[in-house]
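J.: Residue strings, one per chain:
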Amino acid sequence: MEIKVRLHGLLRDSLPREMKGQTTLTLPETATVQDVVAHLNIKRKVSANVNGMQVQLSYRLQPNDALQLFRIVGGG
Amino acid sequence: MRYGYNGKILHVNLTTGELTVEEPPESFYRKYMGGSALNTYYLLKEMPANADPLGPDNILALSVGVITGAPISGQSRMTSTAKSPLTDAIGDAQSGGFFPAEMKFAGFDAFIIKGQSSKPVYLWVHDGQYELRDASHLWGKITGEVEAILQEELGDKQIEVAQVGPASELGVRYGAIMNMSNRANGRTGMGTVMASKKLKAVVVRGKQGKKQFKMADPKGLINLAQQGVKELPESDVASLSKYGTPEVTGYQQAAGGLPSYNYNSGVFDSWEAIDGTTMYDTILRGADEDKQDRRGRDTCYACTIRCKRVVEITEGPYKVDPYYGGPEYETTSTFGNYCGVSDLPAVAYANQLCNQYGMDTISCGATIAWAMECFENGKLTLEDTDGLEVRFGNAEVMVKLTEMIAKREGFGNILAEGSARAAEIIGRGTEEYLITSRKQEAPAHMPQLKRSIGLIYAVNPFGADHQSSEHDGAYEGDEPEYPERLAMIGLTEAQPPLSLSPGKINFALKTQHFYSLADSVNVCQFVYGPAWQLYDPEVLRATITAVTGWDITIDELLTIGERRVNMLRAFNARDGIDREQDQLPAKMFKKALKNGPTAGLKLDRAEFEAALDEYFRQSNWDVETGIPTRHKLTELDLAWVADQLNL
Ligand code: SF4
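These protein sequence lines are chains A and B, in that order.
Just so we're on the same page, the working numbering is the position in the first sequence counted from 1, plus 402.
Just so we're on the same page, the working numbering is the position in the second sequence counted from 1, plus 3.
With the rest of the complex left out, here is chain B (with noise of 0.2 Å):
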């Protein structure tokens, strides 16, 4: 009997118009999950190394998990991989909302898409049918326009749409896959490959699966789920819930942590401005009759925590539209300190702007504060930047290019390449100023303060993360506050702050594992988690066996995890990319950060490589390459991707 997953996944090759359902044994769920982990199996399996992100070649896999549709909190996550276009390695990103559970219900596990169609398509999946239909009359249009036209043309307001935008169509580097217009698979350009591709939207719809879904212990999973329900209000997490990830910011601030003036300081004088208690208290929905606890926040399928933002701004120079939902503290980061900006308003409305157009709001958030460091610098002229004073602070500005690069216009076309590729094009020392990894701009946790975030940040084969291990405050100081939770993955002996010993490095490639599982059984790392989350890495163990009835260890998901980090390294590997793209951005190693309690702090080159050596030497890699060696993939049940290898 299979529980929880459908056993189907659906291939689509836009280039014939072929549709092909594949029906994997249970053992083949049970290695893979879902998720990243599913999703690379199928890179690796059909895709030719070296292939042109952009071209027919890549494939572009969406995967929900095992447990995706069950009502618990946290499981509906759908995860996209392909090969990223502004990368030029693995790209993968997470969203959660209602898409990922709809498509469970709708029939399947996974579609992995391939080729590239002529004309502009969407993929219409409901009740375990599917067909490839015309989107010649959506192209170009944003995501809400589109949404409202698909309710109306399947005659259904339940369909779920993950969908590019506009910008996704020019060919942004770092476009979104947007489902609900306002949840994102953000990161390394996936809307961007998706769109290369001529799909406009997959929209799914399962009228009977939500009935259908079958438990091998729905007792004990309805349990579960009432216990997080119970604990949420004197957890950790219950911060999060009423104010969102947006009330990180305070903490960063009094570490000194919170990235600002494009990465030179740790602080920001207006944080409080743009965190989360004055966003609940001015710009929710509901605010002014204090209602934004109910009008306010929206979750994602059967979420108790119900943590996503929901803003109305209806006068003033930026309305925003609560449809479009709210920014997180990522958003209000890159467009607010990294910026230098301090208006609530314009960071909610660019944040807007990029769930209209499809965008990555970290790489266009962090991209415009390049810009502004190297026009502050004298780097970039007027003359570069259509008349533009792009300035730290400069609000207004911030806005208009967002705009101009979600459209490409004048200076915007340039921006639209992330920032890397846009110093190679302008040169004259630009690239100085660069905050990027893997040629994409690092998120909103500094290296020099969270130094095992900062390791990963350069081994991830993704590009710079920060939800791709736990972070560093976790296992620092003498009292760490999640003893028992760190244990049960095997975590128990807290390092001194700021350190990069063994003992950290193993904590942050162990915790990578358990992140790395989250995303292949594709949970949300605000609920399932080995520190400050809802549930711990037991009441995972207990929510798959619940589901799946299999008898299953927290050993045996943490290699699922290491799995798919493995794989994901060896598709790198194929295409010959090796420990010397394990870079942090050069200026942290140069230019000290400036002013608050981080003042000072700068990465050490020597400390850096020893890290990375033995980073290798535990996740048993070659240490001289970085790449997985092929006793550690066959270990893992991954003697196939060796041979791919040459190994």
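Only chain A is shown next, with the shape it has when bound in the complex (with noise of 0.2 Å):
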């Protein structure tokens, strides 16, 4: 299936420089989020939105779902 990913703030250095942020990953059916992040190789500590709502890392993805993440920081 396909899903749509962002990535914010320091997350989308892990893609490269010019696709800011943004991707389209094809992934198997059983996908959960936390997959995202391990495919993705995010070490740090991220909080998930689907479809504009906060969601558990063991949330499985569902086709064209939209799937935002977020660096969780305090603070600022």
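Everything labelled a hint here was simulated from the structure, so no lab data went into it.
Do not rely on the hints blindly, as some may be mistaken.
The list that follows gives simulated cross-link-like pairs (lysine-lysine, DSS-like), each with its CA atoms no further than 27 Å apart [claimed, not checked]:
#1 B:K233 with A:K447
#2 B:K410 with B:K201
#3 B:K222 with B:K34
#4 B:K122 with B:K144
#5 B:K48 with B:K34
#6 B:K11 with B:K294
#7 B:K217 with B:K160
#8 A:K422 with B:K322
#9 B:K214 with A:K422
#10 B:K233 with A:K445
#11 B:K382 with B:K593
#12 B:K217 with B:K201
Under 7 Å between C-beta atoms, here's a sample of chain B residues computed to sit facing chain A [unchecked claim]:
#13 E250
#14 V251
#15 G253
#16 A257
#17 P600
Everything numeric in this text was worked out from a predicted model, so none of it was measured.
Glycine included, C-beta positions come from ideal geometry on N, C-alpha and C.
Please dock the two separately framed chains into a single complex, following the hints provided.
T.: Quick look at the structure:
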């Protein structure tokens, strides 16, 4: 299945710079958010959002889901 | 041998023009360190109770700390403290930049400013010399013009200037003290106090001081500094470094904690238009040639993080001069999501106006957002607003009102009083929309989501502040991210999300003491902290030891933080302020948040009151009044404060 992924803040530097954090991944039907995190080799603690709603990393992705990943940050 | 600090405090009496130098003993510095604790010591000792914040009795204290000027990240901070004309309680604000280190090199640890001058003056301090000089020609001028004139007049481009802008001169209640024309001691109207004394600027220069800066263990200090440089890329502040504080916008949105439409919602649909990466891609200086890392970021003295934004906009209605820096997250929030505005150049322009005229961006933006909600609900009409459609999302009006506030023109003259006083003037139920505690507007971290931050907003002696304790996320969930760091200050039992349990309150209190210490030793809270910061509490201890030679423990440091909180609280108690004023905005209890992950959330009155009880119990204060007890004050070596309170 195809999943649209958007990486925010420093996470977007996990992809080549010109992609500005946006990519589409082809994943097995059983893929979870955690699998995407591992696939992109993201080591930092992240918060995930699918189609605008916050989800756990164990969330099973559905075809054409739009996944956004944010790094968890405090302060500011 | 004295290391790190000058051992000299300059007392300035603006009524008489008298300048005197005090040389306190080492024990004084070890007990108060500098910054806010040192400032509050002088306020308590030398200021009468119930002083008029804008009268000659108010004292404005400006301090650096014992390690300011050491060549390591995060040490160049200056704290200003005085009674606040916005909150009518103690006021306190910090800023970074190059002014603090230069102040240390100029030969002093603090300026204690009393009285009121009959004409505008500025204080010129260089290489241990000091004098008051006429500032009539500077009065009424914006910050950039003043810096340029002073550089010319004093024949030195390396001077550092902390000044008030025209907004403070006109008595806008949230006037800031600006240094470098882009760093603000923003909150609680410290600039307004400075201007009421007719003190336009404090100018410092230490040509010799940098070379003469002595540390007990220079090698040890350099090692700690290099450790930070090495660890930065993999650390949790790497993103702050690259994208600045506005990077936090995305996470706040994802969690439903991005205060939008005057705090009615925790999500803002257009958040991406104003976040840190968009700023980086579009308006940071150098973005057009992909050189923003070099040209679009600025720093504070000796800091490797370089988180400050430098914006340049040369076209369109909102031109921004890089000289005035760029907006922080708090500023993109108050002028952006609070107001429902998604026009980033407009937000950056409003930030520039605040830096030119010297105003706190949080109170300014949040006051405008409050007016927008009043207008949307028909409590304000075009007659009140000089014909302006003060509606959410109207960037043009947001910018226009910022300017009108700075100049106290028309409707801006009322908003210059801050939203709480404006609501008193206007009436008609407009107080229903306030998001103020102690008459000061809340920053952009939501008590509905961050419960312990909310508690600290209420009890903090100088009003709602997001940099006075650690944020809840660090101590929530099954696998907290920073267990070792939190354990260093005695926090080992993370709590469930959204809780306000005794364990969470203990987290609020202990981290409040740590942050309070940070504002006294005067370090940047992005660099030193108990969670995601570059350096942990142990490195702060090691840094202080390397600079001063003091064999100090983390416990002793936390006691300094606790001492300061108690002194601030005692200052308010002298003026009759107690638990009754420890409030959060009524709106947060009455109205549930709309949309997003936090839809439906509101605060619970009984839970909040119980949390206050528990916080006072854990502080060893009187639970009924929230006033420190003699027992606690004596334990903190503050019996003299207990005497003042007749305890
Ligand atoms: S982290 Fe940012 S604000 Fe703090 S000292 Fe460094 S540059 Fe200044």
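J.: Next step is simple, just say for each hint if it's right about the structure.
T.: Checked hints:
| no. | hint | verdict |
| --- | --- | --- |
| 1 | B:K233 with A:K447 | 21 Å, holds |
| 2 | B:K410 with B:K201 | 18 Å, holds |
| 3 | B:K222 with B:K34 | 26 Å, holds |
| 4 | B:K122 with B:K144 | 15 Å, holds |
| 5 | B:K48 with B:K34 | 15 Å, holds |
| 6 | B:K11 with B:K294 | 43 Å, violated |
| 7 | B:K217 with B:K160 | 25 Å, holds |
| 8 | A:K422 with B:K322 | 26 Å, holds |
| 9 | B:K214 with A:K422 | 45 Å, violated |
| 10 | B:K233 with A:K445 | 18 Å, holds |
| 11 | B:K382 with B:K593 | 18 Å, holds |
| 12 | B:K217 with B:K201 | 35 Å, violated |
| 13 | E250 | 4 Å, holds |
| 14 | V251 | 4 Å, holds |
| 15 | G253 | 4 Å, holds |
| 16 | A257 | 5 Å, holds |
| 17 | P600 | 5 Å, holds |
In this structure, the earlier hints numbered 6, 9 and 12 are contradicted, and the remaining ones agree with it.
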